[in-house]
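Number of protein chains: 2
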Amino acid sequence: MILIPGPASQELGKKIAELLKVKTVDLVFKRFPDGENYIRLEGTVKNEEVTIVQTTSPPQDSHLLQLFLMADTAKDLGAKKIVAVVPYLAYSRQDKRFLSGEAFSIETIAKLLKTAGVDQLITINVHEGNVLKKFPFLAQSISAISLLAEHFEKRGLEGAFALAPDEGAKEYAIAADKILHGGYGWRHKMRDRYTGEIGFRDDKFDVKGKDAIIFDDIISTGGTTAAAVKTLKTQGAKHVYSACVHPLLIGDAEKKILDNGAEEIVGTDCVPSHVSKVSVAPLIANALAEKEA
Amino acid sequence: MILIPGPASQELGKKIAELLKVKTVDLVFKRFPDGENYIRLEGTVKNEEVTIVQTTSPPQDSHLLQLFLMADTAKDLGAKKIVAVVPYLAYSRQDKRFLSGEAFSIETIAKLLKTAGVDQLITINVHEGNVLKKFPFLAQSISAISLLAEHFEKRGLEGAFALAPDEGAKEYAIAADKILHGGYGWRHKMRDRYTGEIGFRDDKFDVKGKDAIIFDDIISTGGTTAAAVKTLKTQGAKHVYSACVHPLLIGDAEKKILDNGAEEIVGTDCVPSHVSKVSVAPLIANALAEKEA
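If you read the sequences in order, they're chains H and B. Residues 1 to 293 in my numbering are what the first sequence spells out, letter by letter. Residues 1 to 293 in my numbering are what the second sequence spells out, letter by letter.
Chain H on its own, in the form it takes in the complex (with noise of 0.2 Å):
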């Protein structure tokens, strides 16, 4: 096997042939002045099993192109098999259409993955299970929330309560607790019979005076983590964390997290981030050395 860290994922990437022992393809990236992407690779592909390591965090478009380029340019220089590690996969919160005419656009993608020579994707906490289904070759999705709680429990925070932020998160409560033994639990959205609003339920959760830790597979804008912060503040709650495995963070969502009480925002290196205080590279380099065995 041998890996090529994407102009998207550079350090991640190297971390993964470092503990796999294999090499790396260096490439020669840049950007022209009109904003067009310029890719070389720097050595021979040829015959060999290629993983491209290519996370797809905003700029999202630019990323998923130099992800193509990547793997075309490598099948015409005869590689045998390209696996994409593909950390944060974009457009794959929609898993279906729901509106007549709407655009699939994650279905899109992985064809055009297909064409361009993907043979098997990995990703990391995938927002919607069901979209990996529509891919035309092997796909699949590895957990990185036991990581993120183990680096809570090395820090000294076993026994914090872990709370999802939303219903559709709660599997991640779920994990974490097994590593935090703090107790878990989920907030549950609510549309207002009126006004249409979205809301929470005004559930109680057992953190007076204890640790909390939100855990969340995207923080995006950060509304739905400001709000579960406020209500453990709220509540009681002493020290109240954010864990993510994808810190997007747009705009002022950092800011509006720790302005409702957090005292830190911790994420992976699925986006690089200066939040990103826990790699996933082991849990990559695992799959990738079980994919050999």
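It is possible that some hints are incorrect.
[What the hints assert, rightly or not] Simulated pairs of lysine-lysine, DSSO-like, Cα-Cα distance not exceeding 27 Å: (1) B:LYS46 x H:LYS96; (2) H:LYS238 x H:LYS154; (3) H:LYS134 x B:LYS114; (4) B:LYS111 x H:LYS80; (5) B:LYS277 x B:LYS154; (6) B:LYS256 x H:LYS30; (7) H:LYS46 x B:LYS96.
Derived from the structure by calculation, the hints contain no laboratory data.
Following the hints, position chain B against chain H.
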């Protein structure tokens, strides 16, 4: 035939539909806060021959993704045939792999367009004509240079000298001269034998006391055009104008060109901009009508 004006070419698309008296499919288009595209076709395309008008000027990668999504959705919903009108075709400056390992981007994009359901492509003044030969379906480029020359002729500039800013653009000067009848020429790029620096041969043009117009396909950062303006002014040209099909105008390109003494920049709506004073709608409408006939 039914026409979809894409997010990047809304006005041009609607103009073409009006000229051809064909129906358009309205598009619901938005971007999510994290930057993902949302596209929905509001209207039936079943069994229709669908023309999608979508330029791929910067941000190229997002405009390409939008085109993939529109085409794939239309095909999924039963479109019989898809013609993509892509007035500015991104990634078309490179017509081969110059160095081993280089991505041959336009070839990848051509494959992806086919997978997305595109059956035919029409573009305007592609930078490297050879790139279209690599397309796995019929792809043609039409020239808008005569339209630009006619624009100046109508403004009373018959007799103006037509200059190509480098040898690669000389066909544009020749085509413009057929309408303006004021003579034509082109500058010769040179590379210094010792320093490797790019310069221009010291050509003399017949412009003393006359008006002159520089014709090119693309103005990107504007350096080549600005240098040509300066030369013409130095050689005594009265008024100098800059005409181009694709006014990308990256950074301070416009300022550079005007500061060197140009009166005005005139571009087309292949790339929507405040200098897009000439519409290619009639040209594209004709090409689509001929195709039908």
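Structure-based check of all given hints:
no.: 1; hint: B:LYS46 x H:LYS96; in the structure: holds (20 Å)
no.: 2; hint: H:LYS238 x H:LYS154; in the structure: holds (19 Å)
no.: 3; hint: H:LYS134 x B:LYS114; in the structure: holds (19 Å)
no.: 4; hint: B:LYS111 x H:LYS80; in the structure: holds (19 Å)
no.: 5; hint: B:LYS277 x B:LYS154; in the structure: holds (13 Å)
no.: 6; hint: B:LYS256 x H:LYS30; in the structure: holds (24 Å)
no.: 7; hint: H:LYS46 x B:LYS96; in the structure: holds (20 Å)
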